[in-house]
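Here is how the chains run, residue by residue.
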Amino acid sequence: MFINWALQEINLKIVYYGPGMSGKTTNLEYIHSKLDPSLKGDLVSLKTKEDRTIFFDFMQIEVGRIKGKKPKFNLYTVPGQVYYASSRKVILNGVDGIVFVADSQPHRMEANIETLLDLENNLKQDSHTLESFPWVIQYNKRDLPGAESIDVLQKRLNFFNVPYFEGVAVRGDGVFNTLKAVINGVVQNVQNQL
Amino acid sequence: MVQTRKLKDGSRQIILNGKQYDVITKVLSELATKTKASAILFADMSGQLISQRGNTDNMNTTVLSALAASDFAATSEMAKLVGEEAKFKLLFHEGEKRNVYLSNVGDNFFLVVVFDVSVTLGLIRIYTKKAIEDLVTVLEDTSDDDKIDENIIDSDFSTLLGNALDDTFK
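Going down the list, the protein sequences come from chains U and W. Note that the numbering used here numbers the first sequence so that position 187 is 187, with each residue one more than the last. Note that the numbering used here numbers the second sequence so that position 147 is 147, with each residue one more than the last.
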């Protein structure tokens with residue numbers, strides 16, 4: 001979190017994390033497509049020719065002044081593929097809250113778990129822990145036939161009982177609720193610790 | 001000094017006071033005048049833009065800061081791979097019309113100087129070096145530290161923010 005007292009600005013960094021093709025970029029694209037132009041900046045995507053995120057996606061959103069303060073939310077995604085591990089680590093620099101976008105398809109369970117462990121490992125290097133850090137889970141692709149049950153996903157992935165949402169990011173289902181929950185989590189976290 | 005509050009979960013809160021912001025803006029203005037740079041940005045390593053000077057109207061400086069921070073992050077990983085123990089302090093991108101000169105300011109901040117190819121790199125280097133010294137001095141100045149004790153985020157704030165988010169995300 002970066003606070004600029006002179007401009008009364010509060011900058012928060014939210015990172016969308018998750019395995020490859022789970023829908024992180026789709027979340028940002030939906031948010032970008034729906035927000036009023038006065039509240040959002042450009043969506044920048046560093047992609048490969050095959051449309052896979054190679055480094056990150058980025059956009060900034062604002063919600064106007066609150067008690068004279070101007071909160072700004074910087075949203076980032078990480079590349080999901082295993083071999084971009086070091087890119088994921090550097091994007092977490094200065095992170096305030098995380099959305100873990102899990103893929104609900106049964107054959108992606110191992111990839112979800114592996115990425116969650118990778119996240120925990122990267123957070124530890126910055127002396128954070130998943131137990132006390134503000135983060136939420138979005139179980140995405142709920143519309144696909146054969147999607148794993150929420151019970152099973154919860155048991156395997158949500159071991160700290162953080163807020164979770166069912167999502168169909170291509171249609172926007174659950175996208176704003178997820179974002180709102182993570183922002184609330186960050187704000188609560190700051191409030192509880194001052 | 002730039003206040004850094006460490007929260008229990010390990011996250012950092014960096015707080016810049018009004019005086020520091022004024023001095024930073026002044027240093028940037030001087031640098032812009034002396035170097036005739038098209039644009040100068042000061043940002044933190046997580047990618048958040050703090051101050052800017054020069055002709056930035058047609059430039060998306062928010063995104064530029066985010067990309068520049070990633071540039072530093074990527075090259076410091078590169079440094080490790082090639083056996084350089086410190087981080088690279090300086091990055092330079094050369095174009096046909098414009099060049100970009102990036103230099104770190106302490107461990108947590110950096111400066112981006114965008115300039116026309118007609119301006120010599122040597123000139124940019126000399127004045128940027130001086131500006132960085134001034135910036136480091138103001139960032140380390142502790143004289144006004146105790147002036148900020150107000151909690152910027154209270155329960156009232158979170159309720160109002162929640163309502164604003166509801167309106168925004170309708």
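Treat the hints as calculated values from the structure; they're not laboratory data. If you're wondering where the values come from, they're calculated on a predicted model, not measured in any experiment. Every residue, glycine too, gets a C-beta built ideally from N, C-alpha and C. Possibly wrong hints are sitting among the right ones.
When the alpha-carbon atoms are kept at most 25 Å apart in a straight line, the in silico SDA-like pairs for lysine to any residue are as follows [unchecked claim]: (1) W:34 - W:104; (2) W:87 - U:67; (3) U:47 - W:91; (4) U:89 - W:88; (5) U:67 - W:21.
Using C-beta positions, here's what the derived DEER-type ranges look like [claimed, not checked]: (6) W:118 - U:191: 45 to 55 Å; (7) W:98 - U:160: 31 to 41 Å; (8) W:82 - U:127: 23 to 33 Å; (9) U:107 - W:87: 56 to 66 Å; (10) U:36 - W:97: 30 to 40 Å.
Evaluation of the provided hints:
no. : hint                      : verdict
1   : W:34 - W:104              : 20 Å, holds
2   : W:87 - U:67               : 40 Å, violated
3   : U:47 - W:91               : 22 Å, holds
4   : U:89 - W:88               : 18 Å, holds
5   : U:67 - W:21               : 21 Å, holds
6   : W:118 - U:191: 45 to 55 Å : 52 Å, holds
7   : W:98 - U:160: 31 to 41 Å  : 48 Å, violated
8   : W:82 - U:127: 23 to 33 Å  : 27 Å, holds
9   : U:107 - W:87: 56 to 66 Å  : 40 Å, violated
10  : U:36 - W:97: 30 to 40 Å   : 34 Å, holds
Checked against the numbered hints above, the structure breaks hints 2, 7 and 9 and satisfies the rest.
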